[in-house]
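Put chain L on the given structure of chain Y with help from the hints.
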Amino acid sequence: MATPLKRVRGLGAAHRGTETFWRQRMTAIANIPLVIFLILSIVSHIGAPYDEVRAYFAQPVVAVLMLALMISAAIHMRIGLKEIIDDYVQGEGARVIAILLVTFFAAGVGLASVVAILKIGLGS
Amino acid sequence: MGKAKLGAERPLSPHLQIYRPMLTMMMSIAHRLSGVANAVGFILLAWWLVAIASGPEAYAQVSRFFAGIPGRVLLFLFSWALIHHMLGGIRHLIWDTGSGLDKTSIEVFAWLTIIGSTVLTVLVWVAGYTIMGGR
Numbered sequence: 142m143a144t145p146l147k148r149v150r151g152l153g154a155a156h157r158g159t160e161t162f163w164r165q166r167m168t169a170i171a172n173i174p175l176v177i178f179l180i181l182s183i184v185s186h187i188g189a190p191y192d193e194v195r196a197y198f199a200q201p202v203v204a205v206l207m208l209a210l211m212i213s214a215a216i217h218m219r220i221g222l223k224e225i226i227d228d229y230v231q232g233e234g235a236r237v238i239a240i241l242l243v244t245f246f247a248a249g250v251g252l253a254s255v256v257a258i259l260k261i262g263l264g265s
Numbered sequence: 002m003g004k005a006k007l008g009a010e011r012p013l014s015p016h017l018q019i020y021r022p023m024l025t026m027m028m029s030i031a032h033r034l035s036g037v038a039n040a041v042g043f044i045l046l047a048w049w050l051v052a053i054a055s056g057p058e059a060y061a062q063v064s065r066f067f068a069g070i071p072g073r074v075l076l077f078l079f080s081w082a083l084i085h086h087m088l089g090g091i092r093h094l095i096w097d098t099g100s101g102l103d104k105t106s107i108e109v110f111a112w113l114t115i116i117g118s119t120v121l122t123v124l125v126w127v128a129g130y131t132i133m134g135g136r
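As they're listed, the protein sequences go chains Y and L. The working numbering puts the first residue of the first sequence at 142, with every later residue one more than the last. The working numbering puts the first residue of the second sequence at 2, with every later residue one more than the last.
Isolated chain Y (complex conformation) (with noise of 0.2 Å):
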């Protein structure tokens, strides 16, 4: 029989260990080269023409690597922006509401941007 002492043991306030901060060490080592390369991606295709800035987006493998940078930034996006509230935000009912905002927040622009890339990359 597992004692509240015992149940709570190594997983923190959160009950969730050392997950979050295991999982936004990776996304943060996955968005080195992806943010580099969405860098490069937006310098060179400010202000292109249409059809270039489309067929560029269209590529296989640059459509990849926006999905890849996407998904891992919403997820970095999300627990660092849920650290500041759990910081800074008093009062349960502020903070689980803030939660809910940059949770919704971070789903609907990686949920944009990846349909934005899959119509560009797939070609309807």
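If you are wondering where the hints come from, they were derived from the structure by calculation, not from laboratory data. Certain hints may be false.
Listed next, the stretches of chain Y that the computed footprint assigns to chain L, with coverage defined by at least 3 CB atoms under 8 Å from CB atoms of chain L [as the list claims (entries may be wrong)]:
{"no.": "1", "stretch": "160-170"}
{"no.": "2", "stretch": "178-185"}
{"no.": "3", "stretch": "221-230"}
{"no.": "4", "stretch": "235-242"}
{"no.": "5", "stretch": "253-260"}
Note that beta-carbon positions come from the ideal geometry of N, C-alpha and C, so glycine has one too.
Frame of chain Y; chain L shown alone:
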């Protein structure tokens, strides 16, 4: 399980206003701020991608914004925040291994992040405009 009184007044550790501002402390704050800036920047990115997916008319509108001065300034700041957060993050990854935590190293890391992020951001934009055909 005993019920702890969750709403009870608890002792607080000293916070920002207690400490003399220090570079490393400012860099910690800058890391969080750049993270939030990146989250906002991703709205711009999503907007751009959705416009490309939506067709030439939608793209033309968004592209006009990004090609203008406010758009370019925003993108420059976004890329700076990204690079700043990346260098700050690499610093954290090094700390995760247990090394680079002495007083000299943390000061050096702080300056490397500030100078490195600024220099790299300018370099990336110069490269984008000259070599890679940015316009």
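Here is what the structure says about each hint:
| no. | hint | in the structure |
| --- | --- | --- |
| 1 | 160-170 | holds (count 3) |
| 2 | 178-185 | holds (count 6) |
| 3 | 221-230 | holds (count 3) |
| 4 | 235-242 | violated (count 0) |
| 5 | 253-260 | holds (count 6) |
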